[in-house]
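Can you make the complete structure from the sequences, with help from the hints?
Listed here are the chains, written in short residue letters.
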Amino acid sequence: MSIEVSGVNKRYGDFVALEDINLTIPTGQLTALLGPSGGGKTTLLRVIAGLETPDSGSVVIEGKDATSLPVQKRNVGFVFQHYAAFKHLSVAKNVAFGLEIRKRPRAEIAAKVEELLELVHLSQFANRLPSQLSGGQRQRMALARALAIEPSVLLLDEPFGALDAKVRKELRDWLRRLHDEVHVTTVFVTHDQEEALEVADEIVVVNQGGIEQIGTPEQLYDEPANDFVMSFLGDVTTLGGALIRPHDVEVTPSPISEHSLEGTVSRVLRIGFEVRLTVLTDDGEVVTAELTRTHARALQLEEGVNVFVTPSPGAYTMPAPSPAA
Amino acid sequence: MLWFSLLVLIPLVAVIITASSGGWSAFAHQLGNEQTASAIWLTIRAAIVVTLINVVVGTVIAWVLVRDKFWGKGLLEVIIDIPFALPTIVAGLVLLSLYGTSSPLGLHWANTSMSVYLALAFVTLPFVVRMVQPVLEELDADVEEAAASLGASRFTTFRRIILPSLAPAIAAGAALSFARGMGEYGSLVLLSGNLPFKSEVASVRILSAIENDNPEGAAAIAAMLLVVSLLVIVVLDLVQRRMVRRG
Chain L
1 MSIEVSGVNK RYGDFVALED INLTIPTGQL TALLGPSGGG KTTLLRVIAG LETPDSGSVV
61 IEGKDATSLP VQKRNVGFVF QHYAAFKHLS VAKNVAFGLE IRKRPRAEIA AKVEELLELV
121 HLSQFANRLP SQLSGGQRQR MALARALAIE PSVLLLDEPF GALDAKVRKE LRDWLRRLHD
181 EVHVTTVFVT HDQEEALEVA DEIVVVNQGG IEQIGTPEQL YDEPANDFVM SFLGDVTTLG
241 GALIRPHDVE VTPSPISEHS LEGTVSRVLR IGFEVRLTVL TDDGEVVTAE LTRTHARALQ
301 LEEGVNVFVT PSPGAYTMPA PSPAA
Chain D
1 MLWFSLLVLI PLVAVIITAS SGGWSAFAHQ LGNEQTASAI WLTIRAAIVV TLINVVVGTV
61 IAWVLVRDKF WGKGLLEVII DIPFALPTIV AGLVLLSLYG TSSPLGLHWA NTSMSVYLAL
121 AFVTLPFVVR MVQPVLEELD ADVEEAAASL GASRFTTFRR IILPSLAPAI AAGAALSFAR
181 GMGEYGSLVL LSGNLPFKSE VASVRILSAI ENDNPEGAAA IAAMLLVVSL LVIVVLDLVQ
241 RRMVRRG
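Top to bottom, those sequences are chains L and D. Mapping to our numbering: the first sequence position 203 is 203, numbers consecutive. Mapping to our numbering: the second sequence position 95 is 95, numbers consecutive.
No wet-lab data here; the hints were simulated from the structure. Every residue, glycine too, gets a C-beta built ideally from N, C-alpha and C. Just to be clear, a hint being listed does not mean it is correct.
[What the hints assert, rightly or not] Residues of chain L placed beyond 12 Å of chain D at every Cβ, according to the derived structure: (1) Gln137; (2) His191; (3) Leu243; (4) Leu261; (5) Leu301.
[To be verified] Simulated restraints, written as ranges between beta carbons of each label pair: (6) L:Leu269 - D:Asp81: 58 to 68 Å; (7) D:Ser97 - L:Ala162: 52 to 62 Å; (8) L:Arg102 - D:Ala141: 20 to 30 Å; (9) D:Pro134 - L:Trp174: 33 to 43 Å.
Here it is in structure tokens:
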């Protein structure tokens, strides 16, 4: 077990950032801390790194109690959302920084830097300044810099948060492949559920200073522990008083089971290949359903048409929380 | 460009022309005057020493103003600017009442060369502080945290990351402080007593040259000050570039 966090509490004045956090992160995996902004995930990451001191509780990294170790001694690689590049140093010097601090021989540093720049595809930019790189390149440099010290854990705080959607997607795939290559225990913070589902081996859902659920992407998506996890990990709608994913709602011209509810299509929204349908049932419930374009066309769906909505067989549903809760 | 020429270049050229009107030997003769040489030397020495002090103290003050929270910080912010805001002759008066013959502090620095250092230190204090402060405020905390996570101690982080980022601002503040020191007049005439070979500075010497109907002499000293100031600005720039590059 690479990182063990037990009983960690952290308050900022009256604000409870973390409350009794217990978490074990296995060696060699890519773990995502997922949750809404202000939920405590970044604080948790910073506590693991030693950039933040918990009010109580302990952090054990690779079997060593790190609770009272300063960040310098924890041997963690940390990557920041806004790159934290050393602006006056070249890309190669940025990557070499941690090794120079460790007083490694010059030849060894040069070789290691070259190897890492190769790994992050920045070899031809070795002598540039960070300001001459794009955001994505800067973040890859930051990653190489963090990996240079051969950290026992690699911690990334919203690493792709400042990048535009396309670059973000590329870097996401690239991070996954990189992790498969170097196998360093990695924890990254994100508020983007798609990013977490796509990249992580394991996801920890953090909300309001506590952990809502820990599991693989499949477990979280298919068997969410509560309505928060269910609605945070994907779209949800209500059907017959239960929470259900819109793509698990079947739309048919006639009833197909005793659970079918009759209603009227009140809105048809076309987004690329998919069609998002809003159906107002006769009981006054507003149901959202997602269909493919071809399916929607075959059913000749348009506003005002009478349809039946039914949960797909095998769909995961959970009782909807009462509005008061 | 025209504005710049009218304001800066033409007067500078005029000074140099006047200084060189008598040819090289006359120029050398004017500067060779022992009293003049002593005044120039004192001015340069004082300006350098005070600038060095400002580089250290000014950076520290800027650091404290940006990074520390303490009672009375707002007041200190205002006080720092007083040497800027005060008419220099008023500054001279203040200094005279504090360090003059009837000093309540028991420090009798009037009519000594100490008075020159003191007056220069007083009027040049804000330069480095005010240049460094905004740059320090802009510095991201996560850059320092990144250095720390890579194993750098606080001192190493300061020396290798923070200081190179501040170097251009420090150099600019130092250049301003030095230039001001070279030309300072108002704040030190009262306290220094303008004793030849002891507490007379170049600017006072220029004035007395003019009063004695010796414009060539005045221009020669002015040209000399100009050359030294230029030299120092160039040196500061080189030092700063080196610091940034070395990281």
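Worksheet item: Do the Cβ positions of Ser97 of chain D and Ala162 of chain L conform to the proposed distance bound of 52 to 62 Å?
Response: holds, 56 Å
Worksheet item: Taking the minimum C-beta separation from Leu243 of chain L to chain D, is that value above 12 Å?
Response: holds, 39 Å
Discussion item. Verify the CB-CB distance for Pro134 of chain D and Trp174 of chain L against the hinted window 33 to 43 Å.
Written reply: holds, 37 Å
Fill in: Least C-beta distance between Leu261 of chain L and chain D, which was stated to exceed 12 Å
holds, 52 Å
Worksheet entry | Minimum Cβ distance from His191 of chain L to chain D greater than 12 Å, as the annotation requires | holds, 18 Å
Worksheet item: Closest CB-CB distance from Gln137 of chain L to chain D, is it above 12 Å?
Response: holds, 17 Å
Practice prompt. Taking the shortest Cβ-to-Cβ distance between Leu301 of chain L and chain D, state whether it exceeds 12 Å.
Written response: Holds, since 50 Å exceeds 12 Å.
Worksheet item: Is the hinted range of 58 to 68 Å satisfied by the C-beta distance from Leu269 of chain L to Asp81 of chain D?
Response: At roughly 60 Å between Cβ atoms, Asp81 of chain D and Leu269 of chain L fall inside 58 to 68 Å, so the hint holds.
Practice prompt. Mind checking the hinted window 20 to 30 Å against the Cβ distance between Arg102 of chain L and Ala141 of chain D?
Written response: At roughly 23 Å between Cβ atoms, Ala141 of chain D and Arg102 of chain L fall inside 20 to 30 Å, so the hint holds.
In summary, this structure violates none of the numbered hints.
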